[in-house]
Structures are given as structure tokens and as C-alpha cells.
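Asker: So the chains spell out like this:
Protein chains: 2
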Amino acid sequence: MNTIAPVELPKAYRLLNHGPTVLVSARHAGVSNVMAAAWACALDFMPPKLTVVLDKATRTRALVENSGVFVIQVPTAAQAQLTHRVGNRSLAEAPDKLAEAGVELFDMPGHDLPFVAGCSAWLACRLIPEPHNQQTYDLFIAEVVGAWADTRAFSNGHWQFEQADPALRSLHYVAGGQFYLTGESCVVKVD
Amino acid sequence: MNTIAPVELPKAYRLLNHGPTVLVSARHAGVSNVMAAAWACALDFMPPKLTVVLDKATRTRALVENSGVFVIQVPTAAQAQLTHRVGNRSLAEAPDKLAEAGVELFDMPGHDLPFVAGCSAWLACRLIPEPHNQQTYDLFIAEVVGAWADTRAFSNGHWQFEQADPALRSLHYVAGGQFYLTGESCVVKVD
Numbered sequence: 000m001n002t003i004a005p006v007e008l009p010k011a012y013r014l015l016n017h018g019p020t021v022l023v024s025a026r027h028a029g030v031s032n033v034m035a036a037a038w039a040c041a042l043d044f045m046p047p048k049l050t051v052v053l054d055k056a057t058r059t060r061a062l063v064e065n066s067g068v069f070v071i072q073v074p075t076a077a078q079a080q081l082t083h084r085v086g087n088r089s090l091a092e093a094p095d096k097l098a099e100a101g102v103e104l105f106d107m108p109g110h111d112l113p114f115v116a117g118c119s120a121w122l123a124c125r126l127i128p129e130p131h132n133q134q135t136y137d138l139f140i141a142e143v144v145g146a147w148a149d150t151r152a153f154s155n156g157h158w159q160f161e162q163a164d165p166a167l168r169s170l171h172y173v174a175g176g177q178f179y180l181t182g183e184s185c186v187v188k189v190d
Numbered sequence: 000m001n002t003i004a005p006v007e008l009p010k011a012y013r014l015l016n017h018g019p020t021v022l023v024s025a026r027h028a029g030v031s032n033v034m035a036a037a038w039a040c041a042l043d044f045m046p047p048k049l050t051v052v053l054d055k056a057t058r059t060r061a062l063v064e065n066s067g068v069f070v071i072q073v074p075t076a077a078q079a080q081l082t083h084r085v086g087n088r089s090l091a092e093a094p095d096k097l098a099e100a101g102v103e104l105f106d107m108p109g110h111d112l113p114f115v116a117g118c119s120a121w122l123a124c125r126l127i128p129e130p131h132n133q134q135t136y137d138l139f140i141a142e143v144v145g146a147w148a149d150t151r152a153f154s155n156g157h158w159q160f161e162q163a164d165p166a167l168r169s170l171h172y173v174a175g176g177q178f179y180l181t182g183e184s185c186v187v188k189v190d
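In order, the protein sequence lines correspond to chains E and R.
Once you know that position 83 of the first sequence is 82 in numbering that gives the first Met the number 0, the rest is easy, because the numbers rise by one and skip nothing.
Once you know that position 28 of the second sequence is 27 in numbering that gives the first Met the number 0, the rest is easy, because the numbers rise by one and skip nothing.
Worth flagging that the hints you see were computed from the coordinates, not collected in a lab.
Among the clues, some could well be false.
Treat identical chains as interchangeable: a pair holds within one or across any two.
Derived pair list, reagent style BS3-like, types lysine-lysine, alpha-carbon separation capped at 25 angstroms [what the hints assert, rightly or not]:
no.	residue 1	residue 2
1	Lys10	Lys96
2	Lys55	Lys96
3	Lys96	Lys188
Work out the full structure: start from the sequences and follow the hints.
Answerer: This is the structure in C-alpha cells:
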């Protein structure tokens, strides 16, 4: 059963607002790659924008620079090992990196981009070229042009972690192979 | 008992790596303010840098622009209501905002900055002026020049949420007064 549904763009920021570690994927000239990034962040509500830090050593960065488009996706607790693997191996040294990490890619109609299967949310991004930021800080700014979520994890504009399978929770990377999972919900009185 | 200890700068990024919602505080000409920000992110390891989005409507932004320094601190689960309050009221409209939100400020020797008591970590930041980013994207870049943590929550270069009082966990804001707390630890095999 396909549980992927579009997320309206004004609510796309909510897919990143809780600060998850993400997967960045891109494709150029027939080469696809996926990397992990703990340093991705929402930047604006509407049109939605985001920032992501892409080190000069990564192949994914070159694909982004050449294609001008990429996907930011939110991996799940079930993908912790996959996330760590794609974050620690380079396509340059391990041509079979994606298969070895267990990454399965799929297409989303209308977007020539590699989407990673099994994630909880996907943001199709168009690079806003800012050469100074990219060169000086490895900082990339993009506009979100499409958003989708697995409705078991995110629906009605909100994450549903309280009711969802814990395997769908997001990952928050620290260091040395350690993540924290997204935890309990805490709702404060709005006064 | 004072449980605040310095964090060595090469590990300062770990205070933000899990993507918590933060409090931004700043002081200029005798006026101090504190706001909440879900859009703060590590940018570099060493020297540590970070990004934070500061809307033009906020008083804190003007204080940062005038003083060139600010504090990013990580509030705890126990401070959820405080965090939501300082994020939703402006000093311009509520001169007693900080007292009403229950904010207590303290000084750190050698830094002329307002630190918020009760947080789990503090990053003293020096603005790296980037007028284009600030004007176009509300995006501020800073170097972290000092870092401290409550040793009950972060010690030996790692968060200690597994052993710590749950009230010390970090907050991850979504929308409408809802946060997720930092959850379980998940350690993958590093292969």
C-alpha cells in the first residue's frame, strides 16, 4: 500500500522543524548519490526554504552543484544503520555504496530526482545559487518545490509520532554512531 | 551546587547536533532580550560556527545587530512553557516579557552577555557580519567563542540523557505549542 501523500508547501517547514538528521540525495549525468547531513535547517515558511551544509569532499555536493536540484528526506529509526553508512562512505571510494548501505531509490512523478525509499518525509529542493556562502561556509540555500510524507508518520499537517510505529521516529545524530530518536510529545498552554 | 562546566570548543557542535529548539539572548545599551528559535544549526566544527534565523520583527535581532554578540542556549523540557512564551511575545509590546515568562538571567565571567538560567547548554557567539544573508534571508552566521553545559545533561563530550533527569531533555518545536522531547538513544555499529 502506498502511504506517501503530498504535504502542502506552507506546512513543509514542519517536516524539518524538530531538527532531524536528514539524507541528501542528488543525481547528475546518470550518477545518483545519497549522504547524511545533521546540519540541515528550515529557513523560511513560504515559499519554504532551507539550508544544508555540504562539505567540499562529498560527491553529493558536486551533483547538487551540477544539477541545481536535490532531495532532503527524513530517515526513520529503522534506517539508523543506513543513515550512518551513507554518511561515512564516499561514492568515490565505494562505487557500490548505495547498494551496500541498503538504499533503494524511487521516482516521484514530475521530478528528475532520486528519492530514498523508506523515509518518513521528502522535500524536493531547487538550489538558490549563493557562491559566497557555498565557497566560504559550505552552506547551500534552496527553495522547497515539493513535499511529501508517509501518512503513517505525518498527516493533517502534524507528525503523528505519538500514535505511529516507533520505527518511524526521526533520528537526531550526535557523534560516534549515536543518535537520539524523537521522543515524547509535550504540549504547552498557549497563553 | 554549580553544575555548569566549560565544553571544549571542538565539541561545541554536539550541543546543537541533535537539532534542539534554542533560546537566543542578547544585550545592547542596557536592554536584554530572549527569544526562541527553532531554526538554529551548526555550521562548522573548528572554529565552531552556527547559523540562526532571526526575523526582522524581533527585538533580539536589533540587539544582535547592534552588539555583534549573542548567546544560543539549549532549553530543557522543564522550560517548555518559558520557551513558548519568549517565542510568542515581543519586548516591544510586553516590557515585562522576561519576568512574565519566568526568565532569570546570569553572567558568565569574561562575557558581557545575558545567559538564561536553567538551560542545559550555552554557546557564546560572535556575529560574522554577512549583510546579504541577513537582509535577504534573515540568516545570521556566528562563530562560537565559548561553550558551557550543565554537567548533569552533557559531560565527557556527550549528552547524558539516558542517565539524566528527563526534565533536562531538549525540546524540538513543531507548531501550535507542541514540542517533542529528545527521546531514546540509538547506537549503530560503526562499520
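Asker: All hints, please: hold or fail.
Answerer: Going down the list of hints, with the structure as the test:
Proximity of Lys10 to Lys96 under the C-alpha cut-off of 25 angstroms is found in neither arrangement, the shortest distances being 33 angstroms within a copy and 29 angstroms between copies. Proximity of Lys55 to Lys96 under the C-alpha cut-off of 25 angstroms is restricted to the intra-copy arrangement: shortest distance 18 angstroms within a copy versus 44 angstroms between copies. Only between protomers do Lys96 and Lys188 lie at most 25 angstroms apart by alpha-carbon distance; the minimum there is 17 angstroms, versus 47 angstroms within a single protomer.
Against the hints set out earlier in the document, a violation occurs for number 1 only.
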